[in-house]
Each structure stands twice: as structure tokens, then as C-alpha cells.
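*Asks:* Now for the letters of each chain:
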Amino acid sequence: DAGVTQSPTHLIKTRGQHVTLRCSPISGHKSVSWYQQVLGQGPQFIFQYYEKEERGRGNFPDRFSARQFPNYSSELNVNALLLGDSALYLCASSLDATGPPGELFFGEGSRLTVL
Amino acid sequence: QKEVEQDPGPLSVPEGAIVSLNCTYSNSAFQYFMWYRQYSRKGPELLMYTYSSGNKEDGRFTAQVDKSSKYISLFIRDSQPSDSATYLCATRSGGSYIPTFGRGTSLIVHP
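These protein sequence lines are chains A and B, in that order. The opening residue of the first sequence carries number 513 in this note's numbering; numbering runs sequentially from there. The opening residue of the second sequence carries number 43 in this note's numbering; numbering runs sequentially from there.
Please keep in mind that the hints were generated in silico from the structure rather than gathered at the bench. Keep in mind that the hints are not guaranteed to be accurate.
[To be verified] Straight-line alpha carbon distances no greater than 30 Å define the calculated BS3-like cross-link-like pairs of lysine-lysine that follow:
| id | chain 1 | residue 1 | chain 2 | residue 2 |
| --- | --- | --- | --- | --- |
| 1 | B | K112 | B | K84 |
| 2 | B | K98 | A | K564 |
| 3 | A | K542 | B | K84 |
| 4 | B | K98 | A | K542 |
| 5 | A | K525 | B | K84 |
| 6 | B | K98 | B | K84 |
[Said to hold, decoys possible] A few chain B residues that face chain A, going by a derived Cβ cut-off under 8 Å, partial list only:
| id | residue |
| --- | --- |
| 7 | P50 |
| 8 | G51 |
| 9 | K84 |
| 10 | G85 |
| 11 | E87 |
| 12 | L130 |
| 13 | I140 |
| 14 | F143 |
| 15 | G144 |
| 16 | R145 |
| 17 | G146 |
| 18 | I150 |
Beta carbons: idealized from backbone N, C-alpha and C, even for Gly.
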């Protein structure tokens, strides 16, 4: 069975550009969460979606947005990129939005470098 | 003060050693406590989770939670070079499915 898949795995952008990151959850999982992990830090929560509705939002500026599609895949969009947006962006899927922590599965991440 | 504090290390130990990894947290509402392992350039994978205080054992790994002191520990017995990774502690309250992570401790087990 395929795990959580994310694309692209690596990308380089310049300041002011826009980026779209994509995530496909494990088959049957209806909830997707996005995290930002800066080098040397733990993952920071950005968004959680369940059944195409936003269920939670972390302390990130409005430049960050996301959506979930009918097939439960998800996109994370970041506008007007800043150097500080350079990080590993992780997607995690789970069966639902309130299950036990054992059901949270992470992808390998998309590594974004902003020059 | 961060909600979850964790020493970044690195912690370097010889193969076969007992490893102790620790975190402290500040929010009394946290009820679930997790340990994730993250290999270089990979996503985190859940190792263990516990609910409330107490110990939980799984093979060479033991998770321990002391809610009175807000202290979380992970013990690794007979450590192996394959255990070399970053270990992230995380907690969450009962009313939220969103965990709060520590910054992770880098562990190096040398042969």
C-alpha cells in the first residue's frame, strides 16, 4: 500500500514567487494536515483539513493557504515567498480528524529553498 | 517559553548503551504524549504514544510520562547504529488532534 506521497520533493524559488505543494493521503484517509519544519526545529502546524473543510489553522500569515479536493488530496499554496519560508513542508494523513495519535502518518516532505 | 522543550543534542553513544531522551512541557491540558523518529531527509514516523501518566514498553523502547512534573522520557535499550536519527517528542490535549512538537534530539549511535 502506498503511504503519503508529496510532490515535488525538492524545489528552489526566488523571493516574491508563489509555490504549490501537493499531497496524496493514504487510501481511505480523509484528513490531511500540513506542517512546516525549519532546519533544527520540530514540525509547526499550518493547516488541518477533513472532508474538504478546514478544521484547524496554525499561526501562519495569510500568504499560506490550502485546500482539500474531493479525492482527499490536498494542496498547500504559499504566496510572496520570503527567505524564511525555506523549510521542509510535511503532509500528514489520518483516517479522521479526531482519532488517536497512532493514526497520524507523515509523508517524506517537500523541501523548499527560497533564494 | 515554548510549550514543549527538548534538548537538541547531538547525543552520541556507543552501540549497546541505554539512551535516555527527555522533554518538558508547560500545558497541563496535554493528555497524549508521543515520540516520533525522523531519519535524515525523511518524514517523522510514530514510535510510541501514551495517554496520561505511566510507562509503556515496546521492544527496546520505553516511554514514560510524569504529569506531576510535566516530564516525558523515552528510553532505548541496547541501542543500535540504526537508531541514529532525530527523536521528536509531541503532546496534545484531549480536545485537539493537533500535536505540538519539540525541536527534536539528534541521536548518534556509533559502532
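*Asks:* Would the stated hint for G144 of chain B survive a check requiring a Cβ distance to chain A of less than 8 Å?
*Replies:* This hint holds: G144 of chain B lies near chain A, its Cβ roughly 5 Å from the closest one there, short of 8 Å.
*Asks:* Does K84 of chain B lie within 30 Å of K525 of chain A when you go C-alpha to C-alpha?
*Replies:* holds, 21 Å
*Asks:* If you take the shortest Cβ to Cβ gap from P50 of chain B to chain A, is it below 8 Å?
*Replies:* holds, 7 Å
*Asks:* Do the numbers back the hint for I150 of chain B, that is, is its least Cβ distance to chain A under 8 Å?
*Replies:* violated, 15 Å
*Asks:* Would the pair K98 of chain B and K542 of chain A pass a check requiring their Cα atoms to be no farther apart than 30 Å?
*Replies:* holds, 29 Å
*Asks:* Is the straight-line distance between the alpha-carbon of K112 of chain B and that of K84 of chain B 30 Å or less?
*Replies:* holds, 29 Å
*Asks:* Go through the hint on F143 of chain B and say holds or violated, using the shortest Cβ distance to chain A against 8 Å.
*Replies:* holds, 3 Å
*Asks:* Under 8 Å is the threshold here; is the Cβ of G51 of chain B close enough to any Cβ of chain A for the hint to stand?
*Replies:* violated, 11 Å
*Asks:* Let's test the interface hint: is any C-beta of chain A closer than 8 Å to that of K84 of chain B?
*Replies:* holds, 5 Å
*Asks:* Checking hints one by one. Is G85 of chain B an interface residue toward chain A, by the C-beta closer than 8 Å rule?
*Replies:* G85 of chain B check passes; min Cβ-Cβ to chain A is 3 Å, inside 8 Å.
*Asks:* Checking hints one by one. Is G146 of chain B an interface residue toward chain A, by the C-beta closer than 8 Å rule?
*Replies:* holds, 5 Å
*Asks:* Is it true that the CA of K542 of chain A sits at most 30 Å from the CA of K84 of chain B?
*Replies:* holds, 23 Å
In summary, the structure is inconsistent with hints 2, 8 and 18 from the numbered list given earlier, while agreeing with the others.
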